[in-house]
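A.B. asks: The chain contents come next:
Protein chains: 4
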Amino acid sequence: MNTSLFRAASRPAARLSQIPATSRSIAVRRYATAFNWEDPLLASELYTDDELAIQETARQYCQERLQPRVLDAYRNENYDRKILEEMGELGLLGASIEGYGCAGVSTVASGLITKEVERVDSGYRSGMSVQSSLAMTAIHEFGTQELKERLLPGLAKGKLAGCFGLTEPNHGSDPGSMETIARVHPTQKGVYLLSGSKTWITNSPISDVLIVWAKLQSTGKIRGFAVERSKCPPGTLETPALKNKSALRASITGMIQLDNCPVAVENMFPVVEGLTGPFTCLNSARLGIAFGAMGALEDCINRARTYALERKQFKGNPLAKYQLIQKKLADAVTDATYGTLAATQVARLKDAGKCTPEMISLIKRQNCDRALANSRILQEVFGGNAASDEYHIARHVANLFVVQTYEGQSDIHALILGRAITGVQAFV
Amino acid sequence: MNTSLFRAASRPAARLSQIPATSRSIAVRRYATAFNWEDPLLASELYTDDELAIQETARQYCQERLQPRVLDAYRNENYDRKILEEMGELGLLGASIEGYGCAGVSTVASGLITKEVERVDSGYRSGMSVQSSLAMTAIHEFGTQELKERLLPGLAKGKLAGCFGLTEPNHGSDPGSMETIARVHPTQKGVYLLSGSKTWITNSPISDVLIVWAKLQSTGKIRGFAVERSKCPPGTLETPALKNKSALRASITGMIQLDNCPVAVENMFPVVEGLTGPFTCLNSARLGIAFGAMGALEDCINRARTYALERKQFKGNPLAKYQLIQKKLADAVTDATYGTLAATQVARLKDAGKCTPEMISLIKRQNCDRALANSRILQEVFGGNAASDEYHIARHVANLFVVQTYEGQSDIHALILGRAITGVQAFV
Amino acid sequence: MNTSLFRAASRPAARLSQIPATSRSIAVRRYATAFNWEDPLLASELYTDDELAIQETARQYCQERLQPRVLDAYRNENYDRKILEEMGELGLLGASIEGYGCAGVSTVASGLITKEVERVDSGYRSGMSVQSSLAMTAIHEFGTQELKERLLPGLAKGKLAGCFGLTEPNHGSDPGSMETIARVHPTQKGVYLLSGSKTWITNSPISDVLIVWAKLQSTGKIRGFAVERSKCPPGTLETPALKNKSALRASITGMIQLDNCPVAVENMFPVVEGLTGPFTCLNSARLGIAFGAMGALEDCINRARTYALERKQFKGNPLAKYQLIQKKLADAVTDATYGTLAATQVARLKDAGKCTPEMISLIKRQNCDRALANSRILQEVFGGNAASDEYHIARHVANLFVVQTYEGQSDIHALILGRAITGVQAFV
Amino acid sequence: MNTSLFRAASRPAARLSQIPATSRSIAVRRYATAFNWEDPLLASELYTDDELAIQETARQYCQERLQPRVLDAYRNENYDRKILEEMGELGLLGASIEGYGCAGVSTVASGLITKEVERVDSGYRSGMSVQSSLAMTAIHEFGTQELKERLLPGLAKGKLAGCFGLTEPNHGSDPGSMETIARVHPTQKGVYLLSGSKTWITNSPISDVLIVWAKLQSTGKIRGFAVERSKCPPGTLETPALKNKSALRASITGMIQLDNCPVAVENMFPVVEGLTGPFTCLNSARLGIAFGAMGALEDCINRARTYALERKQFKGNPLAKYQLIQKKLADAVTDATYGTLAATQVARLKDAGKCTPEMISLIKRQNCDRALANSRILQEVFGGNAASDEYHIARHVANLFVVQTYEGQSDIHALILGRAITGVQAFV
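Residue numbers (UniProt numbering), protein chains in the order written: chain B, 1 to 428; chain F, 1 to 428; chain V, 1 to 428; chain Y, 1 to 428.
Since copy identity is lost for identical chains, a pair holds within one copy or between any two.
Straight-line alpha carbon distances no greater than 30 Å define the calculated BS3-like cross-link-like pairs of lysine-lysine that follow:
#1 Lys215 / Lys315
#2 Lys243 / Lys312
#3 Lys312 / Lys221
#4 Lys243 / Lys82
#5 Lys312 / Lys215
#6 Lys221 / Lys354
#7 Lys315 / Lys221
#8 Lys221 / Lys231
Keep in mind that the hints were calculated from the coordinates and are not lab data.
Between the sequences and the hints, there should be enough to build the whole structure, so can you do that?
C.D. replies: If you want it as structure tokens, here you go:
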């Protein structure tokens with residue numbers, strides 16, 4: 001286990017004294033005898049002490065360091081590159097990978113980290129997920145030993161930034177129709193030339209290592225490449241940022257434009273072929289999202305509850321006194337705890353080697369759907385004040401729509417599940 | 001552990017060879033490497049071998065003995081009294097109670113039994129729940145030692161039938177306004193006279209032991225009584241059946257009419273006072289319902305899936321081929337597995353002494369709501385054929401409405417949760 | 001205009017004095033200055049005096065004569081054949097047809113009649129719709145002059161009962177795959193032999209005239225036949241009743257089994273071919289359903305409101321005092337008035353020759369969906385008492401599921417609309 | 001009728017040739033024989049030629065002049081003050097007022113104008129509504145003749161900008177608890193001093209005339225004042241803009257801060273007292289919102305449909321080919337046409353003197369709820385591309401949340417309706 005995480009875990013008392021009261025609930029929950037609205041079905045009972053300590057470390061960092069930055073970042077679409085380094089220092093990047101400077105924590109612990117980051121902002125979580133679950137997982141699962149040793153430590157520390165280029169302008173839900181091509185360099189041995197265009201790529205404008213999936217011209221099969229920006233001749237790799245986004249504005253998003261970009265064969269993943277490669281990474285990320293979305297939802301609940309208790313309307317009653325308000329809170333709390341339990345179960349199954357991709361489709365879909373639906377309903381609690389970004393709720397609502405959509409839109413996962421349930425496909 | 005259950009558990013091979021293929025999935029699931037639509041997130045991994053064996057025993061009994069009877073029972077509102085004895089023989093009644101001839105299984109195992117019974121019919125499960133969670137739990141938790149020893153063994157075997165009289169014609173969601181009265185017999189020492197009326201009482205017409213909650217005239221406090229029918233003089237106790245029900249027709253429901261019915265002080269629960277008594281029992285029953293509703297939903301899924309695969313429309317495609325059908329199945333499967341995980345978590349917490357009533361409100365409400373909503377949507381898969389009772393779906397739909405309503409209507413539990421979340425009550 | 005209807009219309013004062021207060025609202029609504037929850041957006045302003053008088057006549061009949069019979073009819077699946085004659089006497093059958101003893105009222109008036117019948121029970125409305133919109137419309141639109149003159153007057157008076165055989169056991173949503181065959185009699189000139197099987201046919205067991213759609217063996221095209229039971233040799237026509245229905249139990253439903261049943265060429269519709277024939281009739285019926293479903297919903301609203309005002313829970317407050325109850329009522333009232341306005345608009349367009357089938361798909365789908373959804377939510381107002389059939393709500397809920405399903409299940413109409421909106425079909 | 005509107009109406013041919021094809025549908029719809037997805041139930045049949053011409057004029061202006069500006073305005077929270085003058089020139093401001101330079105059109109025509117503006121952006125519509133329905137209506141209904149003659153013509157032309165100050169920082173849904181105070185000037189006769197604070201006031205930073213509702217200190221009753229900025233001494237009136245809004249960013253919003261601001265008694269509305277004044281104006285605005293929300297929804301439908309036809313996924317099929325997509329479109333189209341019919345009905349009733357406030361609550365609530373819900377579902381059609389503001393859908397989604405919330409949040413209108421339906425209030 002990585003030492004920075006461990007150190008954090010070994011100093012809970014110190015940490016606790018420094019954080020605001022609302023963040024402390026988890027640490028004391030084991031002895032609670034009363035209903036705890038922040039963990040209604042005691043999911044925390046399912047976690048080891050180490051996992052809880054890791055969550056606490058992540059929570060402390062996120063609340064102390066990320067929360068104060070998010071409003072400005074979101075307003076101005078201004079992602080702070082230093083965040084990756086800070087996360088790297090704490091061991092939050094690629095946390096479930098063993099070795100290469102990574103923390104080697106359980107999938108559950110990794111999910112809890114994700115949840116704490118997304119409690120602040122889905123965009124911050126996106127930036128971390130892309131680095132960890134997509135870029136690092138791709139290299140760790142499929143790269144040569146040399147590639148792992150060369151790139152993973154820098155990515156783990158956040159010295160290098162990574163991204164993951166799968167989606168193309170014309171192919172979102174259907175990556176199999178990919179148009180990006182890799183062809184053998186006509187003269188240089190051991191070199192491929194990549195051409196094509198990827199879009200909606202989180203982190204692409206700041207990435208040093210870009211995982212790019214392309215069809216090998218000779219076979220028509222999809223292969224993966226770790227493109228190192230420093231090695232790309234001018235004009236062969238462009239990563240323009242996409243601005244004026246309606247959500248996830250605290251993350252940075254861009255395109256990857258490849259024009260005969262040369263990549264050494266050593267940077268191609270040697271074995272994996274077809275969609276197995278990208279889908280392995282996506283499954284890792286999606287499992288993180290299933291945890292993360294619950295973090296965002298819990299923040300919405302927390303804020304709506306506080307607002308409902310403080311805001312008075314009609315004869316001085318707090319909004320919390322009204323049935324229509326209570327129902328919104330009860331529904332949201334229920335979905336948050338159900339989703340957390342389900343994500344925990346799948347994470348445990350993954351570590352036990354019993355997880356299937358359909359399980360991940362199921363929890364990614366449901367947790368995102370419910371986080372989105374409930375955040376929208378909780379937004380109503382704020383009335384007109386929801387229009388002020390200082391209440392944070394509209395940001396979560398906007399973010400969660402994209403979270404529901406990317407890495408498999410809800411309907412796509414429904415069809416994946418439908419196929420698994422019936423044995424019949426209904427995509428076309 | 002009760003021997004009849006244990007014997008069943010020790011012979012899985014023999015049993016498996018006798019039951020239809022569709023019932024076998026649970027027993028073999030541990031070794032499945034593929035997605036299992038009947039247990040998508042492998043809740044079964046959370047159960048011990050004993051718990052799984054108990055579930056299998058219950059499932060076998062329910063599918064072989066109850067399923068063939070349910071159509072006629074529902075059509076004709078004809079509950080077979082022998083079912084209680086059959087269940088008693090297998091150890092399914094009061095299964096989580098230690099001693100007194102009860103099986104003494106875990107709360108999880110008890111929940112799994114409930115689930116298997118409700119997979120067949122919510123009415124059958126109601127009959128069992130009332131006997132186990134309400135009547136037997138009341139006596140076990142609150143009765144004198146003498147009362148326990150005298151009544152529990154007969155109830156455990158199903159030789160005696162029990163019921164639970166709390167709801168009154170004018171007081172459903174608000175039992176605190178109870179009108180039934182117990183007053184000291186004017187002449188007979190050690191005797192109370194009960195007067196009042198209870199309604200919607202499952203099993204009342206066939207009950208030998210009727211738990212009746214009444215306000216003690218002297219204190220105005222609610223107290224519990226185990227009324228033994230055999231000891232009631234003629235005219236003091238009537239239990240007319242309520243017929244022409246729109247649901248739960250396979251169970252028997254009635255009133256309890258008490259007219260100065262004499263009950264010995266020994267049959268009054270000595271300590272418990274107020275709503276603590278009935279709510280303790282209701283919490284036990286509600287936890288069972290949270291499991292049971294998932295059983296009914298799983299049966300709906302199973303039947304809708306089979307129908308969708310067999311029914312062809314438009315160019316010979318099975319309904320299962322259509323996106324709108326797949327989405328219904330995916331949604332239902334998701335809710336069934338989430339609900340099962342949550343109920344399992346609460347059952348484990350209960351055995352660990354960490355369960356609160358609000359947790360039970362949460363899962364009772366959510367699992368019933370989702371079972372009802374999904375069963376209705378799955379009903380659409382059957383098109384016009386849903387109108388035939390031989391497809392069983394309309395029966396589940398009708399039942400689940402009542403299951404959502406009784407033992408705390410969904411809105412009432414929302415307000416219980418709202419109060420627990422906000423600290424403010426919104427009942428009035 | 002038919003005289004029996006007209007007489008009714010000319011005696012509003014007399015009628016008003018005889019009907020209960022709750023039924024009177026419509027007649028006085030023109031002068032209301034306050035919000036009228038029974039007609040919140042004053043749809044009645046869109047009706048002529050004649051139309052209002054016809055609605056009043058129908059309402060009076062339905063409330064006085066049908067309402068008292070419905071509980072027993074539904075319990076025992078016992079449709080009273082005399083109802084058709086009573087309706088015939090009042091001019092309610094085939095009401096929008098000109099001539100042949102029919103009332104010749106506007107499509108709006110016809111819709112209002114439908115609404116009043118379904119206010120009592122969807123099954124009663126089904127029996128009327130099948131007679132009017134399906135059997136009579138088929139003959140009137142497509143039959144020879146001789147056939148019209150011979151059959152329509154008897155059907156209009158309810159002396160003859162009619163039904164409509166389109167749906168087959170294997171073909172519900174996709175009637176184009178019909179298997180029933182009509183072939184030329186091998187020896188008798190001018191005679192067709194019909195063979196095949198129809199199911200879920202309202203009124204079939206009591207029908208004298210059965211409209212049967214069959215594929216002409218020689219052409220493979222669908223043609224329509226008016227089969228007269230009295231002319232069918234023994235063993236060539238069977239119409240067994242379907243019992244143990246889960247809904248619409250106050251109507252009678254059966255199969256039509258044809259075994260080389262001889263039908264004279266005069267009874268074949270001479271011109272219409274393909275699905276144009278049945279769809280024309282279905283569109284007429286579906287427009288009626290769009291009105292009718294609003295009648296059933298209004299009855300649910302009326303009953304739920306009354307219950308909510310009379311039932312007291314928690315400190316003596318009526319349920320109506322609680323926010324969660326008020327929201328249910330507000331939602332239902334909104335959908336009822338929106339649906340009524342839309343149906344009225346389409347009925348007016350139909351009389352103006354501007355109605356398209358997609359309009360009818362739209363209102364049939366939406367009004368049925370909303371009636372069903374709201375009736376289910378209103379059912380919650382009744383708590384456990386909803387399980388008693390004497391509150392009538394469970395009957396409406398069960399009925400409305402079938403009403404949503406038959407004559408085009410909601411999803412099928414969604415795809416019809418989707419095709420009309422996009423120009424692309426998604427059925428297969 | 002105002003001449004600028006009329007001139008527009010008399011030149012339809014010229015206009016039609018200048019506008020893009022997608023805008024032409026309304027003008028030709030009368031002769032359509034096929035289903036028109038843009039007006040599925042032919043609401044246009046309910047409008048007079050004048051009303052249709054006015055709608056066409058408004059549509060042309062909005063599509064040609066507003067649509068090109070909205071993206072930049074929304075991105076930069078940059079409302080162009082000239083828009084009011086342009087609208088004034090066309091006669092769109094205070095259009096239903098007779099005299100004072102206003103167009104004097106029907107309430108229906110006024111609603112159609114609103115719909116066309118909100119088809120572009122709810123913020124633009126907000127700016128217009130505040131000017132027309134709130135500020136101008138307040139003066140027209142309650143001001144002295146002198147005030148009307150002095151202020152209305154400038155407001156009608158857009159030379160003057162107006163706003164409406166009711167909501168306070170602590171009182172949104174419950175304006176009766178207002179804290180802003182008007183007290184008699186201690187020394188100046190005929191002058192009131194206004195002190196207090198209003199928030200979320202559309203147009204306040206640019207307003208010349210600010211309608212302010214305040215409690216008269218002497219009576220405690222709410223009274224209305226037309227505050228003219230030009231007459232306020234420095235430091236007595238501040239109207240800081242509220243920036244960083246999460247929605248309605250194309251409109252300008254601010255506070256009104258009054259610090260002993262002197263207002264002449266001539267500028268106080270002489271008769272109206274209590275909440276009657278502001279509610280009269282709000283009802284006028286809400287009726288406009290009920291139309292406007294349908295315009296925004298129709299734009300979402302139009303854009304989603306176009307995207308679904310152009311975007312190909314899986315074997316080259318357009319998204320429009322998929323059932324799950326078609327259902328989203330069918331649902332939205334249905335709600336758009338139902339909502340338009342209902343708003344039209346209420347507008348007609350208003351002109352006939354038969355409209356009640358509850359009718360307006362009903363349509364404001366339902367149309368906003370459905371516009372919001374459907375826009376969110378249609379957003380899913382765009383997948384990840386919805387995150388780009390160039391697809392406009394996220395803007396509508398964000399806007400419609402506020403539209404649902406302001407001028408009576410959905411739940412508040414539900415309680416208004418609940419009270420009207422049951423006669424019992426459930427606010428507290």
